Amino acid sequence: MKILCGIGGSDDSFRALDRTVERAAVANDDLTVAVVDNEDSSVSPDDVMRRARDAIGDSGLDADVRRVEGDPGSRLVEIAEREAFDEIVLGGGHTSPMGKITIGPIAEFVLLNAKTSVRLVR
Amino acid sequence: MNDRRYPDAVADAFPVPPTEFTDRDDRTVEIRPYDGSDAEYRSLVEMYDAFDPADRAQGIPPGGEGRIREWLDAILADDCHNVIAWCGDEVAGHATLVPDGDAYELAIFVHQTYQRAGIGTHLIRGLLGYGQSVGIQKVWLTVERWNRAAVSLYKKIGFETSNAESFELEMGLRLNEGDEETSESDTEGS
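As given, the protein sequences belong to chains A and B, one line each in that order.
Per our numbering, the first sequence starts with residue 1, numbered consecutively.
Per our numbering, the second sequence starts with residue 1001, numbered consecutively.
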């Protein structure tokens, strides 16, 4: 399967990255990791790129890591359509102090606008 | 991302528990702060174990006794404030304030057997009265926007919508007059 994993540096995005890399190695997925702008993230895009390359390197996969600038949700949807991806994978949200799951604005946009399947990793 | 907004005006005074009332189904219900005893803890676990999954909100309460206990252990910690609605020795509902930087996050659950009897209104007012009595200044919550009953309850209480841009509405309430706002405390963005 051709998979586009969008990450911006939040904890849940790194969890999505690790699980997607793990699965891709087993399922032989054709994986692309898109490092997007996330204004709520405290990790710089360069560090996110490095983190993604490390995860992929450790797994022995041959996957593409690319920097995607601009509005993250719409860019991911656009790339998935233009390059015929089968699925977009994103972090499944963070939990509030109370334990409530909150889905971020990027995931909300992608869920409502993507023509592909969307996987949120919990 | 701690840019939550709160009403300028402080809310009216809420009743401080313990309080007692008769619900719309003629049941006597008592609102009391959680006392930390094993017996009350066990009653809470029982209520959540029998909680209708259709009434979950954003993943809570979780399902299964193990996860319920894990979640309760976090929100019943010493820095949290918990109030319970009792019908005899059965828990009818539970409301909680969990610290989040300079504010508290609120959640309330009423067991399906006790819904639509006015218990939620008494319970949340009791929790907020308790919060006022311990000096809490700001409270926020999120609610799924299709949950009209909950949204109208929160509005009636005095909560104002602070963020309507996502799937859930975020609402805020000012409980006590504070010293001038300390600058927003840092929480990790995510």
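Hints were generated in silico from the structure; no laboratory data involved.
Fair warning: there could be bad hints in the mix.
Claimed, not checked - Some chain A residues judged to face chain B by a derived CB distance under 8 Å, without partners named: (1) Arg23; (2) Ala27; (3) Met49; (4) Val65; (5) Gly92; (6) Ser96; (7) Thr102; (8) Ile103; (9) Pro105; (10) Glu108.
Stated by the list, open to error - Some, not all, of what chain A presents toward chain B, calculated at C-beta under 7 Å: (11) Pro97; (12) Lys100; (13) Ile101; (14) Ala114; (15) Val121.
As the structure is a computational prediction, the values presented were derived from the model and not from experiment.
Here a beta-carbon is modelled for each residue, glycine too, at the ideal position from N, C-alpha and C.
Identify whether the interface hint at A:Thr102 stands, where standing means a beta carbon of chain B within less than 8 Å of its own.
-> Constraint on A:Thr102 satisfied, holds at 7 Å.
Report holds or violated for the interface hint on A:Pro97, using the least CB-CB distance to chain B and a cut-off of 7 Å.
-> With a minimum Cβ separation of about 4 Å from chain B (threshold 7 Å), the hint on A:Pro97 holds.
Evaluation of the interface hint that places A:Ile101 against chain B, nearest CB under 7 Å | Because about 4 Å separates A:Ile101 from the closest Cβ in chain B, which is inside the 7 Å limit, the hint holds.
With chain B as the partner, please determine if A:Ser96 meets the hint condition of a C-beta pair closer than 8 Å.
-> This hint holds: A:Ser96 lies near chain B, its Cβ roughly 6 Å from the closest one there, short of 8 Å.
Against chain B, run the beta carbon of A:Val121 and see if the smallest gap drops under 7 Å.
-> Violated, because the Cβ-Cβ distance from A:Val121 to chain B comes to roughly 14 Å (cut-off 7 Å).
Chain B contact restraint for A:Gly92 - C-beta distance below 8 Å = violated, 10 Å
Hint status (Cβ of A:Lys100 to nearest Cβ of chain B, threshold 7 Å) | holds, 4 Å
Interface hint compliance - A:Met49 to chain B, C-beta minimum distance less than 8 Å | Violated, because the Cβ-Cβ distance from A:Met49 to chain B comes to roughly 18 Å (cut-off 8 Å).
Closer than 8 Å between Cβ atoms is the bar; does A:Glu108 clear it against chain B? Give me holds or violated.
-> holds, 6 Å
Go through the hint on A:Ala114 and say holds or violated, using the shortest Cβ distance to chain B against 7 Å.
-> violated, 16 Å
When the least beta-carbon distance from A:Arg23 to chain B is tested against 8 Å, hint result | violated, 22 Å
Could you check if A:Val65 really has its C-beta closer than 8 Å to a C-beta on chain B?
-> violated, 21 Å
Hint compliance for this structure: hints 1, 2, 3, 4, 5, 14 and 15 are broken, all remaining hints hold.
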